[in-house]
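> Listed below are the residues making up each chain.
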Amino acid sequence: MSSNQWEIGPIFRALMRNKVGAILIAIQIAVTMTIVVNSIFIILERAQRIERDSGIDEVNSFYLTTTGFGENFDPKSTAFNDLELIRNTPGVLDAIQINAIPVSGSGWSMSFQTEPGEEKETQGGAIYMVDEHAIDALDLEVIAGENFLPIDVRFRQPGVRDWPDNVLITKVLAESLFPDTPYQNVVGKTIYISQTEPMIVKGIVDKIQAPWVGWDDLEHTVLTPEITGFESNRYYVRAQAGQRDAIMPVIEEALASSNKQRIIRGMRTVQETRERSYRGDTAMIKILSTTMVILTIVTGLGIVGLASFSVNRRKKQIGTRRALGASQGSIVRYFMIENFLISTVGVSLGAALTVILNMLLVEMFSLNALDWYFVPAGMIVLWVVGQLAVFGPAKKAATIPPAMATRTV
Amino acid sequence: MLTMTDVKKVFRTDLIETHALRDFNLQVDEGEFVAVTGPSGSGKTTFLNIAGLLETFEGGTYQLDGQNVSHLNDRQRSQLRNEKIGFIFQSFNLIPDLNLFDNVDVPLRYRGFKRNERKKRIEESLELVGLANRMKHLPSQLSGGQQQRVAIARALAGNPRFLLADEPTGNLDTKMALSVLELLKQINQQGTTIVMVTHDQHLASQAKRNIYVRDGQVSEMSGIAEPAHIEMHQAAIG
Ligand SMILES: Nc1ncnc2c1ncn2[C@@H]1O[C@H](COP(=O)(O)OP(=O)(O)OP(=O)(O)O)[C@@H](O)[C@H]1O
Ligand SMILES: [Mg+2]
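If you read the sequences in order, they're chains A and B.
For the first sequence, position 211 (counting from the first letter as 1) is numbered 211 according to my numbering, and the numbering increases by one without interruption.
Just add 1000 to wherever you are in the second sequence, counting from 1, and you've got my numbering.
Source of the hints: derived by calculation from the structure; they are not laboratory data.
Incorrect hints may appear among the rest.
Claimed, not checked - Quick list of in silico lysine-lysine cross-link-like pairs, BS3-like style, CA-CA up to 27 Å:
{"no.": "1", "chain 1": "B", "residue 1": "K1084", "chain 2": "A", "residue 2": "K315"}
{"no.": "2", "chain 1": "B", "residue 1": "K1136", "chain 2": "A", "residue 2": "K315"}
{"no.": "3", "chain 1": "A", "residue 1": "K19", "chain 2": "B", "residue 2": "K1136"}
Keep in mind that this is a model prediction, so the values were computed, not measured.
One chain only, chain A, in its complex shape (with noise of 0.2 Å):
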C-alpha cells in the first residue's frame, strides 16, 4: 500500500476546520496522561517504600507489653521469669525483652560518632536493647564479629544514663560511621555515644530496620544488650513457622497467670504493625490507582464519544468516500489516523504537563523527580488508548454502506 494512501494532509487539514471537539479531546488526553505518570510514578515509589525489607521475621513474630504495678512487683525477677516461660513454651522459636519494635513508629535513637566530643560529624541510630537471644529471636546474622555473650547483658535501672561497653550495629551503621573502612575491620572500633561515653563494636548484623519507616537512615540500627527493669516492658516473640496465631493467647494467657501483679496489652502481630505504619502509603496507592483508572476511562469514553459523533455527521461523506473507491480499511484507518493526529497532540502538550506538574511536586512535597522514560512511555499508553478507542467506532464507520452516496437524507 502506497504512503499516498495514508491521507494524513487531508485528514489534517479537515480537523482544522473542525478544532473544537479535537482540542477539547486532546486537552482531556494531555490532562489523563500527565495524572496517569505522574500517580503511576508516585505509586510505584510508594510501593517500593512498602516492600523494603524489614530484616526481621515478620511473618512469624509478635509482641505484647506488660506493666506492672502494686508494692510487692519486681521488674527483675518478673523479666528473668518471663523470658525463661515465654522461651519454654512449646512453638516458641525464641524471645527477647525489647525496648522498641522495628517499624513500629515509636523508638529511640541516640547520636553516634568516631571521635569523643563536641561538635564531631554524628551519625544517629535506633537503639534495640536487647540480650544474647537477639539474633534468633530477630532472626539476623552476625556478619562479622560476634554475638553478645551472656555476661555482656546487664541490667538496666530506671534512672540509669549509662550505656553497655560493648555493641551490635549494623552493617550500613558501619559503613555510615566508618565509610573508608571494609564494615568487617569496624569489629574491635571504639565509637562514641553522648558525645563522650565509648563503646566497642562487638559485632555487625546484616540489616533491622529502626522504628521509623519515613526516616532517611532507616537501617542505621545499634543493638545494646541489656534487660530494662521499667514499669513497663515488652516482649517480642518469634513462633516456629506457623504457629503464631496458636501461641499468642497461650502465652498471653500464661504470662498472665504466672503474676498477677501486672497486666498485659497491647498484643500484637508485626505484620498488623507494618500494616497501620504503611496505612498512608497504601490508602495513597489505592486513591492514585483508582483515580487514574477513572479518569482512563472517561477519556477513552470520550474518545468513543467524539468518534461516534463524527461518524454519524459524516456518514454521506463516508457513502461518497466509499463509492469514490475507498475500501473499508481505508475509512477504519481514516479515523484511526485521525485519532492519532489528535492524541499525538494531547501526548505532546501532555508530556510538558507531565514534567511541569512533577516539578511542582518536587517543589512543595519534596517528591522525587520523575525518570525520563515515564513520559515517553505514557505517550505511548495514551496513544494506544486511543487507537483501542476509536477502533469500535471507526469498525463501525467502515460498514456504513456506500449506497449511502445516493440516499436523498
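Fit chain B with the ligands to the supplied structure of chain A, relying on the hints for placement.
Structure of chain B with the ligands alone, referenced to chain A:
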C-alpha cells in the same frame, strides 16, 4: 461494455418487500450517452447503484467492461469503482472540510497515484471544468453549479470508462443545469460513456439514447427530442 441481464433487486424491511428491479435488461455500449427517465420510485437510482457497484443484486448477471461482477468481494468492488467508474450525485457530495484540490484528490489517493501524478490530474480536471483558479476554495464558497463542476472534475480525474450521474442537475436552476449538461456532452464526445438519471425531459432528449424505467423494468424510447425547443434553451444560456 455494461450489460445487465435479468437483474433483480429486492429491498426487505420488517413489513414489506420492495421489488426495486425485476428482470432488468440493459446494454450500454462504449461511448454512449444514455439518459434514464421514469417515475419516482421506479428503480432508477437502484439501477445506477448496481451499475456503479454501490449495491449488490439478487438475480441475473451483470457484466462491467466484460467482467462478471457478481462474485467480487467488497475490496475488489471498491477497486473497480475507483478505476472504472466516476460518480456524480444530485447533491454534489463534496467533502465540506476539504478544498477543491483535496476533494478532487480523494479518489486519486485511493487509486495509489504518486504525488506528482495526482497534482497533474487534479489541475487538468479542474481546468476542464473551468475552476482551476479556485483550487484553494472550500465547496461552501461556490455556487451549486460550480460545486457540481467540481464533482465532475473529481469523477473524471481518474479517467474512468463510465460516468454515472444520478440527477446531476436536480439541485440546479435551468441555466446551470444546461451548462452542466454541455460539460457532460463535451466529456462524452471525448470518449467517456455516460449514464445519467434525470427527471428533466428536455435534458434527457439531448442524450444520444433514452431509456424509460417503470416498475423496475426498462422500456426503451427514442425520438422524443424536440430540437428547436432545446436550441432555444441553449441560446438562452449564451
Ligand atoms: N435502501 C432501501 N431500502 C428499502 N427500500 C428501498 C431502498 N432503496 C430504494 N428502495 C425502494 O426501491 C424502489 C426504487 O427506488 P429508487 O430509489 O431506485 O427509485 P428512483 O427511481 O430512483 O426514484 P426517485 O425518482 O424518487 O429518485 C422504491 O420503492 C424505494 O422505496
Ligand atoms: Mg432516485
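> All hints, please: hold or fail.
Hints, verified against the model:
no., hint, result
1, B/K1084 <-> A/K315, "24 Å, holds"
2, B/K1136 <-> A/K315, "24 Å, holds"
3, A/K19 <-> B/K1136, "19 Å, holds"
In the structure shown, no violation is registered for any of the earlier numbered hints.
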